[in-house]
Amino acid sequence: MPDSKRFLHPEAIKRISRVELRARHIVEGFLSGMHRSPYFGQSVEFLQHREYVPGDDLRHVDWKVWARQDRLYIKQFEEDTNLRCTFLVDVSKSMEYGNGPLNKYEYACTIAGSLAYLVLRQQDAVACWAFDERVRARVPHQSKRNHLLTIVEALHVAAPADKTDLSGVLREAAETLPRRGMVVLISDFLSDLDGTIRGLKMLRQRGHDVMVFHVLDDDELDFPFSGPMRFEGLELPQHLNCNPRALREGYLEALGAFLEELKRQCARNVVDYALLRTSQPLDAALATYLSNRLGMHHRN
Amino acid sequence: MQFLYQGLAWGFLLALVPVLIHLINMMRHRRVRWAAMEFLLQSYKKHRKWVWLKQLLLLLARMAAIALLVAMLAQWITRGQWLDFLGGKVTHHYVLLDDSASMAERYGPVSAFEVAGQFLQRLAASAAEQPVPQRLTLLRFSQALAGEDAGQRVADLYAEPIDSEFPQQMEELRHTLDVSSAAVGPGPVLGLLTRLLEESPDEDRIVYVVSDFRRWQWKQTPRVQAALKKLEDSGIQVQLVQCVQRQRPNLAVVDVSPSSETRAAEVPLFFDIRVRNTGTTAASNVPVKVRSIFYDAQSITGEEPQPHIEDMPLVLIDRIEPGETVTRRVQVYFPAPGVHAVEVELPDDGLPTDNRRWCVVHFPDVEPVLVVDGDPDGMNAQFLSALFQPGTHARTGIRADVKPVSYLRDAAPEELSRYYTIFLCDLPRLDPVAVERLEQYVREGGGLVFFAGPQWAIANHNAQLYRNGEGLFPLLLEREDVLPPDELTPAPDVQMVVDDHPVFRELTQGANPLIHSMHVERYLRAAATWPTAPNRDRVRIIAKLRNGQPLVAEQAFGKGRVVAFLTTFAPYWNDLALNATVVVALRLEAYLGAAKRPVDRHVVGTPLEVMVDANLFDPEFRWFLPTGEKDHVLPLTRLAHSEATPGKLLGRLEPTDVLRPGIYEVWLKTKRGQREARRFGVNVDPVESQLAVVGEQELEAALRPLPVRLVRADAFADATVATAGFNRSLFLMLLLVGLLLGEQWLAYSASYHLPKGGAR
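In order, the protein sequence lines correspond to chains A and B. Here our numbering is used: position 47 in the first sequence is 49, and no number is missing along the way. Here our numbering is used: position 650 in the second sequence is 931, and no number is missing along the way.
Errors might be hidden in some of the hints.
[Claimed, not checked] A short, non-exhaustive set of chain B residues, derived as facing chain A with CB atoms under 10 Å:
1) Asn306
2) Trp315
3) His328
Everything labelled a hint here was simulated from the structure, so no lab data went into it. Bear in mind the structure is a predicted one, so any value in this text is a computation, not a measurement. Don't be surprised by glycine CBs; every beta carbon is placed ideally from N, CA and C.
Work out the full structure, taking the sequences as your base and the hints as a guide.
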């Protein structure tokens, strides 16, 4: 891992209590290392040169042109000022699970904050919904820099509770969001898969670019438990006393089938899918976002 | 289940530990609030049965592993054969313990049988320490008396697993065992052993013959040699354990028997006592105690026999050389009829068992004899009756029943058979039926005396009684003849041909025998061809006349015997009845009636039987057995029915019940409620008194080519016990390892092993 990214590791992020600060820290840290990032060339597309005017960021000056022509030009990239990005963040009870530095909810909030900061930094409008079985908090689109604070407060207010109803929330989003934009869904997807797929289809049918961040804890992906255990459902009322090692294979099999199906349906509906472990460095989410943003230009 | 270390068997409770751990784990599980519950439930529903089965198998495997470990440590031993074919061979010790009478010989403070018991104890202790599972079968020689087919039921111990508590068990058993008084060698018990060995072929077997190894038992023993060879050929190790080191001085009463005299109440009877010195040194001044044991009617009215025992004057034997047998005669008198006994006892010596001997004799009121006289005056009968019943002051014990000749024809055979002897005097013609009855009587053991006379129908009797040598009468007669006086060379008229005939013994003894005083004038001459008669081999001329003609002849006929006098009893043709020679009639009764007198000869280890008419007796037999130490009796009730002879009741004591010498008594109950008693004098076989011990070289010679492994009982080494064999513990350990591997596989299969990267 590059030195600049060591601060993007969840352990490091955990030490930053406020999400907006985390977002800033993550994005700045991420961007400062971009020149070494293998995602760089793929995430930002050069559009044209324009003559420098005072106030432009000196980092965008094309020094090679200046050297040849002795005139200051800056590189102009594809503008997305008209991008309306909506973050749908799952704050249901199941998101409360986490065994690492960040639980799924915290990880999801951090991703949402970081991406919102990145989007706002590009002068784009950001909205954010926090939901479980209904939309618990709704922040409208704005592109102001301080809008991030509003988003973060909305996520804070929505502490994890209740079941997830992705189908209903996605249907509501499809019906509510007025313009084509980008929808970033951050969830553990522990809900009705068919309903979720139907919701994603509806969003796509409305012309939205949909990006899915599937957040799962290491425990959920690896099921490393041993010894007699009693599993009590966070959203389901059932409980199960068992030897987890005996059920591990079947569990992973069922989970794998679920992930495969979700992945397959996302690909089928041109939905960008990224599975994130809560133990993963958060820049992966940003890299995925930027990579997919680049891909969206090509798609659109 | 039996274990060498029985206390460790409690360790089997540890097999419950996995169950406890399982239950505790169920109670102390970690709680996790889990989001992806749906996948977990899917997995649970899909694998529930298989997981449950594997967990159950795993639990059982762990319990079995603990049980196996405990069984291995506790040294599991079992009677079952099922483990043997898996490789677990048991060492089986077969101990053949000589408990014959000679094992009671004492040297020092202990007897040979006690030495054998000590050997047994050492063997048990040694075997209990062996790592290989051990078993022990104990057979006593006397138990083989039950027959070679008796099998394991007669064994004191059969295939008894040897564990840590076995020596204590053996100690207790040892005190219940006692030496028998039976004369039984190793042959029968080896036969019994051969049958038992066939029942457990897959074992390492060691046979111990623990005996006193008397010369008479082991020197000429083709049967024993064959049995031991069979064992050796089967690969069975045979160990001979000698319990006696040297021969001890010993005297034995080898016989007590009544003389061949008339037996009747109030008639003194002589008993011959024979004492043998079976030791190697002479014995002197040997006091012999004699007791008369008299049973009157009161003796059987109580709960147990109550005889009147009376000590008779001591008989002192001056000296008995080694190997010599000395006979002494004592006279015993019983005042009332019944079954009485005489007991003889010698002082205590090396072998106490043979120092006592009993003789049970039936004394009737009288011995009836039948007198049939053809003399019109009945003189023969008169003289005989007068002799047998001389008056109130003298008693011969004989009652003469005088009957006419027709009685022989009319009397039932059973009636005739009551008579000890039949005297037929001066017989005229006989009815063929009478001849037939007489032949039947003699053939069944009766005694018959013929006296000739003027009425003797020679031709008829030659045809009917002599019957070409096949009849009752021993000689073919020719005619009546006169013995002329010989005044030139005086010689006795009667000359004995047989010197020591029981009938004439008293008449022929001394320098001037009484027989010489007898004069004969007339007689019936035997045919000239008698020396070549067809029955010549069976006929014995006892006495002849001066002219060489037979006077008294004897022949055996069936079980009985016939004595024929070719002259009269009454003083018609001689003076036999007129002087002391008349006693010859008494001697004839005593001699010919012997077959009618029951012979009481029972030895230890033979069955005792009483058969009675079921119409007369209740089916209840109450036996009284002598114990070893005192003159005491034990009641034993047996109910018996005779299947072989319907209508009869059979009371029987099996050979294994008759292992003590002494007087055995059985009480019978008649249908009228009266009690009757039968008695048996059971004695040690005199052969058991032969205490000479066979030497190792003699034994080798007797058993050649078999190897002889003869060891002293006190020098027995534990090494014999530690024979090679498969260690069952080793097998259990292998089984345990296999089970643990299986358990690990099951645990892995049931996902109890940690995955790579660890687990929480």
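Checked hints:
1. Among the interface hints, the one on asparagine 306/B holds; its C-beta lies about 4 Å from the nearest C-beta in chain A, closer than the 10 Å criterion.
2. Interface hint at tryptophan 315/B: satisfied, since its Cβ lies 4 Å from the closest Cβ of chain A, which is below the 10 Å cut-off.
3. Hint on histidine 328/B holds. Least Cβ distance to chain A is approximately 5 Å, under the 10 Å limit.
The structure meets every hint from the earlier list without exception.
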